[in-house]
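Heads up: the protein sequence lines correspond to chains Z and C, in order.
Basically this note's numbering = 1-based index in the first sequence + 2.
Basically this note's numbering = 1-based index in the second sequence + 11.
Quick caveat, the hints were computed from the structure, so don't treat them as lab data.
Please note that a few of the clues may not be correct.
[Claimed, not checked] The calculated DSS-like cross-link candidates involving lysine-lysine, where the alpha carbons are at most 27 Å apart (straight line), are:
(1) C/Lys36 <-> C/Lys300
(2) Z/Lys139 <-> Z/Lys150
(3) Z/Lys125 <-> C/Lys90
(4) Z/Lys125 <-> Z/Lys139
(5) Z/Lys90 <-> C/Lys446
(6) C/Lys354 <-> C/Lys563
(7) C/Lys527 <-> Z/Lys125
(8) Z/Lys163 <-> Z/Lys190
(9) Z/Lys166 <-> Z/Lys29
(10) Z/Lys190 <-> Z/Lys90
(11) C/Lys354 <-> Z/Lys114
(12) C/Lys290 <-> Z/Lys114
(13) Z/Lys114 <-> C/Lys350
(14) Z/Lys150 <-> Z/Lys28
(15) C/Lys563 <-> C/Lys28
(16) C/Lys91 <-> C/Lys300
(17) Z/Lys29 <-> C/Lys446
(18) Z/Lys125 <-> Z/Lys159
(19) Z/Lys28 <-> C/Lys90
(20) C/Lys494 <-> C/Lys350
(21) C/Lys21 <-> C/Lys350
(22) C/Lys521 <-> C/Lys36
(23) Z/Lys29 <-> C/Lys90
(24) Z/Lys176 <-> Z/Lys159
(25) Z/Lys28 <-> C/Lys354
(26) C/Lys494 <-> C/Lys446
(27) C/Lys290 <-> C/Lys446
(28) C/Lys28 <-> C/Lys527
(29) C/Lys90 <-> C/Lys521
(30) C/Lys355 <-> C/Lys563
(31) C/Lys300 <-> C/Lys290
(32) C/Lys300 <-> Z/Lys90
(33) Z/Lys143 <-> Z/Lys114
[To be verified] Quick look at which bits of chain C chain Z covers, simulated, 3 or more residues with Cβ under 8 Å:
(34) 255 to 262
(35) 292 to 301
Glycine included, each C-beta is placed from N, C-alpha and C at the ideal position.
As a plain string of letters, each chain reads:
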Amino acid sequence: MQIGGPSGGCLTTEHLDVGLDFDSVKKYGAIVGSGGLVVMDEHTCMVEVARFFMSFTQRESCGKCVPCREGTKRMLEILERIVEGNGKLSDLDELQEIAEMVKSMALCGLGKSAPLPVLSTLKTFRDEYVEHIVDKKCRAKTCQALRKYRINEELCKGCGKCAKSCPVGAITGKRRESYHIDPELCIKCDTCRDNCAFEAIYVEA
Amino acid sequence: MGTMTIDGRKVEFTNEKNVLSVIRKAGINLPTLCYHSEVSTFGACRLCTVEDDRGRTFASCSEEPRDGMVIYTNTGRIKKYRRLIVELLLAAHCRDCTTCVKNGECVLQGLAARMNISTVRFENTRELRPLDTSSPALVRDPNKCILCGDCVRACEEIQGVGALGFAFRGTDAMVMPAFNKPIAETDCVNCGQCRVYCPTGAISIKTNMDEVWDALADPDTRVVAQVAPAVRVAVGDAFGLPAGRSVMGKIVTMLHRLGFDEVYDTTFSADLTIMEETKEFLERVGQGKNLPLLTSCCPAWVKFVHDQYPEFIPNISTCRSPQEMFSAVIKEHFKGYEKNQGKKTVVVSIMPCTAKKMEILRPDSVNNGERNTDVVLTTTELIRMIRTSGIDFAELPPESSDMPFGLGSGGGVIFGVTGGVTEAVLRRLVDKHDKESLDAIAQCGVRGEEGIKEFTVDYKGIPINVCVVSGLANARTVMERVKNGEANYQIIEVMACRQGCIMGGGQPVKPGARTKEERTRGLYNADSVMVIKKADENPTIAALYEGLLKGKEHELLHNTIPW
Ligand code: SF4
Ligand code: SF4
Ligand code: SF4
Ligand code: SF4
Ligand code: SF4
Ligand code: SF4
Ligand code: FES
Chain Z
3 MQIGGPSGGC LTTEHLDVGL DFDSVKKYGA IVGSGGLVVM DEHTCMVEVA
53 RFFMSFTQRE SCGKCVPCRE GTKRMLEILE RIVEGNGKLS DLDELQEIAE
103 MVKSMALCGL GKSAPLPVLS TLKTFRDEYV EHIVDKKCRA KTCQALRKYR
153 INEELCKGCG KCAKSCPVGA ITGKRRESYH IDPELCIKCD TCRDNCAFEA
203 IYVEA
Chain C
12 MGTMTIDGRK VEFTNEKNVL SVIRKAGINL PTLCYHSEVS TFGACRLCTV
62 EDDRGRTFAS CSEEPRDGMV IYTNTGRIKK YRRLIVELLL AAHCRDCTTC
112 VKNGECVLQG LAARMNISTV RFENTRELRP LDTSSPALVR DPNKCILCGD
162 CVRACEEIQG VGALGFAFRG TDAMVMPAFN KPIAETDCVN CGQCRVYCPT
212 GAISIKTNMD EVWDALADPD TRVVAQVAPA VRVAVGDAFG LPAGRSVMGK
262 IVTMLHRLGF DEVYDTTFSA DLTIMEETKE FLERVGQGKN LPLLTSCCPA
312 WVKFVHDQYP EFIPNISTCR SPQEMFSAVI KEHFKGYEKN QGKKTVVVSI
362 MPCTAKKMEI LRPDSVNNGE RNTDVVLTTT ELIRMIRTSG IDFAELPPES
412 SDMPFGLGSG GGVIFGVTGG VTEAVLRRLV DKHDKESLDA IAQCGVRGEE
462 GIKEFTVDYK GIPINVCVVS GLANARTVME RVKNGEANYQ IIEVMACRQG
512 CIMGGGQPVK PGARTKEERT RGLYNADSVM VIKKADENPT IAALYEGLLK
562 GKEHELLHNT IPW
């Protein structure tokens, strides 16, 4: 659950009983802020949520003070790297370091609260960050770069429809045997999955 | 008034404007990149942030001191944050320090060293921008700008010009003239104050050192130097001598050693200016025409009038500045073969001033189709040339300037500080030269560091209202009053730089009260030990009027071409 607008924090089911007032939510790294409340389920990637909000605040930064101008830029860079599957574990420490600094040092409210989504997701959904970095896996299957198209050999009847529909020729195989997707060539357009009559094609994340 | 606790020590404060000043008074030099006591508080670098007893962090430059405050300036996390801020700045910075004009004097570089930053973890993704070299005086390098806004506030608040401003937002933010026009096409007066306040190499002096080295190396060229009054009090401290002390004698020796053929003293032509300007002033008072007389020694001010108050152009004194009078006289002096022996004369003018680089290019700085001053070197460039030479400046014996243009009066020396021109003119106007009369002039209100000084003196029964101004923002205030008929002066002296040329845009930085005080004292001391106090008592001046200048006063000493 994301609360307080783009600079708010993220809470989980275990916070369901927390009172919705200024002081209570603050204790958990969130704010009442705009009063907005976004409820998300397991189909939303929390790293992507952090990236999305950071791209918003980074765009809104006026550029006057150094922590916010330079800090939000670097936080966004790191988050982008992670959702692209290029993150390193040390990125998490860097992210934490910059976020804490910006929160304490920025000039105005925008900068001071910009790191909140990062700080709260880092705290509550750290395992999702680690999965993105180490396992190159997005459990919500939303991070484009981490999605892999696969063909389930058991279900594949070897009809070859997918190979014909693939715009980049990433699918090869012999008729009546299981087809295969070359992950290097695949651009994740989803066409093959749409076209397979046997639902043999799935997304692995 | 009150007491606060800083890092566990009780510290009294009185009228300090902000917590930062109290902290500094307590002997803790917090790092800052956007604070100058002379301009408004900006609060952008956040380096001055401190923590209070409740763990709240705030920028100390932007917080008023309150009785009973408890603050910590160097907690673990604040130290870490400050270091990260500097690292982030460096990450968006070109960092070619070894070839940077600011190398060794750069505040950002200094902070990086002070915080022991040994790596920068982030890649520089800032797009490389072209340099603005349009100005004859300054170079702007946007790649080195850290957006502290110091130049913007100096230009706006001290100089009242407002040639620079912020454009765009976020990481696209930039400091530039409106519409990113070349600075030469704006109302910039080339005073160089933006450069004085800039902590990095983003605004620097356009240097002409190579031209001078080339001329010095050419056997067929006679290189003649003139050294302005304010230069002599701003060189010593670069070589370990006491700040503000006049080292003119050493400068003369040094220039000779560097290969200058003649070294003259601009105080000599300051005396010429006093003679001419006094004459002009008395004529105008007699005719009641074009008053108030506006002084013309400061080219930044002259341009300011042209840009902002064109209706007052006729009020500007027609006298050339001391620099231009001198160069015209020198060129005239070496004109005939007898004097020049077939050698070309190059006049190098050593000035505290960046605007002088613009002045020499003005159409009225020309005689016989030739520019009178060939090169202007600022004090800062002189210091660099001395360093390049490797000669031990501090140990040099003093020499006196070359004749016949090496002698100046005390009145000429104090041209370098605000009120100096007026004081020298007043000395000329009184017939007496005993200590008492001179002291009376010094105490009439002409000295002192206020930006606007007004007083009335009596000249043969006529009351003369004088206004002495430094800083162009102050000049704007005064000119508005004059324009609206709220003030009635007969003479207005304006120096563009606050406190006059001693704080000129070509002087070594740093700005601030201490530097002002030291350099001012240095010049008044230099005056007080001089035997000749008044321009009209300078025997070489009288000789010049009888000789070289006869019939040519107007041609050589006055601006005849409007621009
Ligand atoms: S914190 Fe505020 S002042 Fe600083 S850059 Fe961000 S928006 Fe601008
Ligand atoms: S997702 Fe698109 S690119 Fe990838 S294999 Fe299927 S059809 Fe080809
Ligand atoms: S401005 Fe300072 S930090 Fe930047 S390159 Fe020049 S010396 Fe180095
Ligand atoms: S040189 Fe003077 S007028 Fe020009 S931009 Fe700098 S401060 Fe402003
Ligand atoms: S040019 Fe210099 S003074 Fe101006 S904002 Fe940039 S770094 Fe600061
Ligand atoms: S006050 Fe002096 S240093 Fe400053 S611009 Fe004028 S002449 Fe130059
Ligand atoms: S000096 Fe206080 S914010 Fe820059």
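Ascending list of hint numbers which this structure does not respect: When the structure is compared with the hints, numbers 1, 5, 7, 9, 11, 12, 13, 14, 15, 16, 17, 18, 20, 21, 25, 26, 32, 33, 34, 35 turn out to be violated.
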